[in-house]
Amino acid sequence: MLMMAFVLSLTSLLAQTKSITGKVLDDKGAPVPNASVLVMGTQVGTTTKSDGSFSLNVPATGKTLVITSVNFVKQEVRLGASNTYSVTLKASADDLEEVIVTGYQQQKKREVNAAVSRIDGKQIENIPVPSVDRLLQGRASGVQVNANNGVPGGAVNILIRGAGSINAGTQPLFVVDGIQINGTTTNIQTQTNPIAFLNPDDIESFEILKDAAATSIYGARGGNGVVLITTKKGKAGKNEVMVNTQFGVTSPLKFFDVLNISEITQARIEALQNANPRATAAAIRANALAGLGINTAFTDDQIRGLTNYDWQAAGMQNGTVRQTNLSLRGGNDKTTYYVSGSYNATEAIVTPVNFTRGTLLTSLTHKVSRKLSIESQISLSTISQNGPFGGAGGGAFLGNIAFAGPTILPHNPITNPDGSWYGLPGSGQAVAGILSFNPLAVNALNTNKQRTNQMVGSFTINYEIAKGLRYQGKFGLDYRLVQTEFYGDPRLDEYLNRRGLGSANSNWNTNFLTFHTLNYNKTFGGKHSVSALAGTEYRNDVLEQIGASAEGFPTPDFRTINTAATPLGATGFWTGSRVFSIFGRVSYEYDRRYSFVASIRRDGSSRFGSNNRFATFPSFQFGWNVTNEKFMSKTSNWLNNLKVRYSWGQSGNDQIGNFDALGLFGGGRQYGGNPGIFYSQLASPTLRWELRTENNLGVDVGLFNDRITASVDLYRRINSKLLLGRSLYATTGFGSFTDNVGEVTNEGIEATVGFKIIDKAFKWRTNFIFAYNKNFISGLYDGLQVLPGNNAIRVGAPLGSFFVANYAGVNPATGRAMWYKADGSLTYNPLVPADQRLSGQTIPVYNGGFENTFSYKNFEASFFFNYEYGRTVSDGQVNFMAEVGGRAFNGLQSIYDARWTKPGQITNIPRPFNGNTDFASSGRFTGQNYLFKADYIRLRTVMLAYNFPKELMQRWKMSMARFYIQGTNLWTYTDYPGYDPEFVGGATGIVPQNKNITVGLQLSF
Amino acid sequence: MNFMKIIMNKFFITASLVSLLMTSCSDKDLNVLPRQSIDASTALSSPASVDAAVIGVYATLKSRVLYGRDFVVYGDALGDNAVATNKSGRLVGEARNNVGAHYVNWGTAYSTINDCNLVLDAIPRMTAATQVQRDRWEGEMRFVRALVYHDLMRAYAYDPTAILDASNRGGVVLRSTAVDNKDTAAAFRPARASIQECYNFIINDLTLSSAKLQPAGVARNGAPHFATRAAAQALLARVQLYNGNYAAARDAATNALGGGVGSLTTAANHVAGWRASTNPESIFEVRFAIAAESLGVNEALQTTLTSMGALGAHTSNGGWGDLAPNALQLNAVGLTGFPASLSIPNTVALPPLTRTSDVRNQLYEWGGQRTNPRFIECTKYFGKSGFLNLDNVPVLRHAEMLLIRAEAHFRLGDVSSALADINTLRRNRGLTDVSLVGPAVLEEILNQRLAELAFEGHRFHDLKRLGRDITKDPSVGFTVNFSDFRMLARIPDGELVGNPNMRQNVGY
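Read top to bottom, the protein sequences are chains D and L.
All residue numbers for the first sequence refer to our numbering, where the first residue is 1 and numbers rise by one.
All residue numbers for the second sequence refer to our numbering, where the first residue is 1 and numbers rise by one.
Calculated directly from the structure, the hints in this document are not laboratory data.
It is possible that some hints are incorrect.
Unchecked claim - Quick list of simulated restraints, FRET-style, between CB atoms:
| # | chain 1 | residue 1 | chain 2 | residue 2 | range |
| --- | --- | --- | --- | --- | --- |
| 1 | L | Q196 | D | A822 | 31 to 37 Å |
| 2 | D | T415 | L | E443 | 54 to 60 Å |
| 3 | D | T907 | L | V506 | 30 to 36 Å |
| 4 | L | G260 | D | G673 | 19 to 25 Å |
| 5 | D | R322 | L | R64 | 44 to 50 Å |
| 6 | L | L350 | D | N453 | 53 to 59 Å |
| 7 | L | F485 | D | T907 | 29 to 35 Å |
| 8 | L | R64 | D | N453 | 33 to 39 Å |
| 9 | L | T42 | D | V99 | 53 to 59 Å |
| 10 | L | Q196 | D | N611 | 43 to 49 Å |
| 11 | D | A822 | L | G260 | 54 to 60 Å |
Claimed, not checked - Taking beta-carbon pairs under 10 Å as the criterion, some of the chain D residues facing chain L (in silico):
| # | residue |
| --- | --- |
| 12 | L664 |
| 13 | N790 |
| 14 | S921 |
Stated by the list, open to error - Here are some chain L residues pointing at chain D (derived, C-beta under 10 Å):
| # | residue |
| --- | --- |
| 15 | R287 |
| 16 | A340 |
| 17 | F387 |
| 18 | G498 |
Bear in mind the structure is a predicted one, so any value in this text is a computation, not a measurement.
All C-beta atoms in this analysis are idealised placements derived from N, C-alpha and C, irrespective of residue type, glycine included.
Start from the sequences, fold in the hints, and give me the full structure.
Take a look at the structure:
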């Protein structure tokens, strides 16, 4: 009966309709296609065509139209007597309706209560960096980014909210359009970066999932944070062509102030005399001069008269940066596309180090039916890089010009008058000093090449099963082939006797991923909004390598290993892992005031022990939009947004070797031509994930209609069950086995504060990014306070601590370096570990950024600083250069000037000593005296742009033309004595970073 | 029809989701095994795999901290017969006896010992192997274990013939069974055995090794690169000399000399012996066969000791030449004519060297052009295996056996037999006989040891086992007294953390 009445009434309603037409435009007057037009309270609706128009039969009861479109604010239009309507939609970029990608789905920013930072592609536009991860530096609170070195496209170290692991990896997971990228870097001839395949201009946004509640949806891979990268997609509407080209120069950040040969001679004489007190002055002088390759009969004046060549200037020169991108974007209501191609050629300041990349990105979306749509995305890239001799990480650092330039003895000529290299074998010329070869010739003649071909592609199916219920299935592949080539030229000393050495390597990584999700969204009663996500994922990741080497080449013109006489060796390996997961997320929001999100993920990973293969990671988030409460209406004139967020979650870290849980006998040993095996690893069948548990409390504030915005987060992150190589006493025959022991805590505050200082025709906006992180080891195992075998890993101390003897300066009477003993007395020989103390840490305590943007009419300008404070590092290069006479190297002027030379002199620099270790003393670089504060503030980018006027654009039939000039790393404030305070690691013989200035032109039709 | 299609679609999607869930979730699919390693629990289950594990044990002897470098040159660097040239900076600390600049073989040695123990534990299970095979494996593993244990004792403990009681913290940790799981490993809290317990353990291993390797056909082809009964006896002779059991040392040396492996070189072929891939005198020699086994341009023996690109090519460039003989060493082989500073600038013409008839001095010559100044270098290791920086290392050889027996005879009061052995060696090195009495005989034996065994890692240990002070080269300018704590190496710190049973050597 009731049913009957319903049907009847429906029929009667259908009978009384009114036909209307209209057009939906954006605030610039451009049509908005694919906007949804719905009669409020009914199921009646349509979507706009490519010209923004729509037509609709409105039931008589229909009073209001609701128009929605992605990236626009929902608009309601009251229906009146008219039959045509023009609707202007407001862009939603700065609105709380903003959606953000949170992993497997987009969520309304308002409903996300975990710690997530978003960086818009616009913010980092036109900065010419080979890999986009460097762009995150200082732009998201709590995300610390350090370059490992200045190799373009080289590896970058990223810590999100400090480091949570002692032995397992600390790098975040990168997810590009849903595809988890394999984080392996292949650093054979130079360094690679797993996301260097991305063209920065193709990036729509970065979303950085920081706390465990946010990363929990990535389960065992989310423990170090997740960086979600979304690339640009097609857009229905007018075809849009964008051309962006820029050109510029790179130049060195720093040259060292080094000694001339006369000063080096003096230092060597002192060093030898101090080490050989009984030798005569004449014998010492002869020995010193001989060691420096100077005629032993030379007088001081003659030595002063020797030419000093500037090897640093010869080795580190200006390079060029060129980058061109071309993109096409458009489509209709059925099919949209984005196609882009780019070319980037960057030269480092150290020849022959460079980076050349071509990329091609194709993204297509097609609506097969009203319910079914498919997407295909293919990103192809090819990168070729020349590395420095000896490897970018500083392996054979003597050959790296950044190391050798300032340390080679300066009276060695660089080239002969005829332009040929000085000091090649057979020339009768000898390069004097420990660097007994010509480093420029070494880099010019040898080949260190690396080529990366990468394909990241996916195919996606979207199907609307029922209203509000959507299925998405994605199949993705991240395939990477890295080929390397090395050739040691037989014209050089090192390869002369073996007549050249060649090697070739291929590494390929096949990373397959598929996930399938069901997504449900429903709003009922007007106040209750529910969304749910359920999914399953499978990832299979395999890395393989083969390589071969050979020696004995006919002439230097033959450079492939098949032309060599003697094969030397072959290498190969295979490694792989599989992960299977199920996951889900539920969100509920009441009346735009209270929101609650809970998620759970269950992961099974091949990396872990057979007894502990599966684990579950839960999370929940709670948010309260205080400004939407009725009682806040009085303050709404100045407080437009106040939100309090709390989240708790767990995620895991599985970044250990693929086979660490297994007991293994390895091969690879051989003796007398027979192959041997050995017990390489003890089994650890209970091995499981590192568990990250985190509490996060956040507040978001908007004042005076968002003239001032602030977002502050407090967190406490505890990483327990650490994947630690648990040390064994060496007498067991094993060094360690991997176990789940120990705990690390990170506590901190992050803040982002934005000001629209002036918001008229002249606009000035400022952003401060600040993060404080306190990191400490909160537990080991068996009650140990110190990790056996590593005295710097101790309970209460930060990770990356230095545990060394405290330096007490130089004994004024003898010139010998002294250290403090545990009891405060002085010694020449501090004991290990009894006299050692904690002294600084490599992870900074504070870091962040400071950005200002200005615009006035057609002009735009911005400058951006980033900073780090509270970091201490040891710099291998500076240590070498502080020897002053210890060996036949060049050194730093500042150290030379301050060295101890006579009794009574008060200084911190000990007397020069041949071999650097004074009689019955510890070495001069023992302890804390050669640790340096690596605090800095760096002017990371400066940009000035001019947009050509609109009238001109219309006349030229263009939509935009922009000319810009930008600079990177132009200024740094630091006391750090080495090349760069930013480096991670020993910094010996690595390619320094550079500064660059580029000019560019961006056109769009 | 359309309705059916939707139903079918939904069904298809749901079914595929469910099937994906069902099929991929199994534990079996998450079993990914490595391809360059095998499961440890079943690794030593066949004779072929045990044989490969035995090869794996020999391979460890090539590591830098064992016979790759340290046990060949540290005995000279720490002693009184060599100087560091400070060309690459390597060995400077050792040549100055800096604190902590000493042997670091602890970890590697115990890894080798556990590898030996794994094979020894597996042998009784190898019923598929012949008795001859099983005996050979046991003899080989006991030999290698004894060799590595004796080297641990030489580095970390006093020798039985000269113990400084006040500083004696005992021998090293003895292990006769294998560690093969993490629970045993994590629970192990080792303590140092006494010096005598350690020597008894080593002597027992060598006695059993000799017995097992005795029958004909038991030794592998390829002596002296693999253990033989002669090698076990030769090592036993050395161990008993250190142990002060001179009669046993004498008898073992006699067995080794008559063991049929190698023979004493003569004045005519001694130098050629050092140019051959395998030294004809070797009773046991560590084999470096292919280029990939080289320790490289910084640490291999050739680069450590020499700097020319080819023998006699003094204007060529080769390795570093980090360690050079001093006047004491050069005079011992009958070489003079070099300046007191031991070095000359590259630019100066080579001073003529005066050489006696001792053929051993032909293994020394002016170095190459690589970094100034030029020192006299020892050329015992000069790419003998056919590649740059690739040399076999003679560990036990006939001359050492003669010298051990001579010293044993002398200690036992049989001076004439001692002189006979010494003169046999002298005649085969281009020298004439000596006729000495009293302590001069012992000094002649020690001098011959210095001349014969230079840069084979003996000098420091000879001084240490005799309780003598080390008078460093005048350029270093000090003496390391026998009572100095630097006579013993430092036990790695990690061994002491959390283990109350373990004791560090005095001074560290």
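Could one say that the CB atoms of T415/D and E443/L fall in the range 54 to 60 Å? holds (58 Å)
Quick one, is the R287/L hint okay against chain D at 10 Å, beta carbons? holds (5 Å)
Against chain L, is N790/D within 10 Å by beta-carbon distance? Result: holds, 8 Å to nearest chain L Cβ.
Quick check on the hint: S921/D CB to chain L CB, less than 10 Å? Constraint on S921/D satisfied, holds at 8 Å.
Range hint 29 to 35 Å: satisfied by the CB atoms of F485/L and T907/D? Check passed, 31 Å falls within 29 to 35 Å.
L350/L and N453/D, beta-carbon distance inside 53 to 59 Å? holds (55 Å)
At a threshold of 10 Å, is the proposed contact between L664/D and chain L supported by beta-carbon distances? Cβ of L664/D sits 4 Å from chain L, so the hint holds.
Is the gap between the beta carbons of R322/D and R64/L within 44 to 50 Å? Because 47 Å falls inside the window, the suggested range holds.
Outcome of range test on Cβ distance (T42/L, V99/D; 53 to 59 Å): holds (54 Å)
Chain D contact restraint on F387/L - CB to CB distance below 10 Å: With Cβ-Cβ at 8 Å, under 10 Å, it holds.
Interface restraint verdict for A340/L against chain D (beta-carbon cut-off 10 Å): This interface hint holds because 8 Å falls under the 10 Å limit.
Would the hint on G498/L stand, with a C-beta cut-off of 10 Å toward chain D? holds (5 Å)
Violated hints for the displayed structure: none, as all numbered hints are satisfied.
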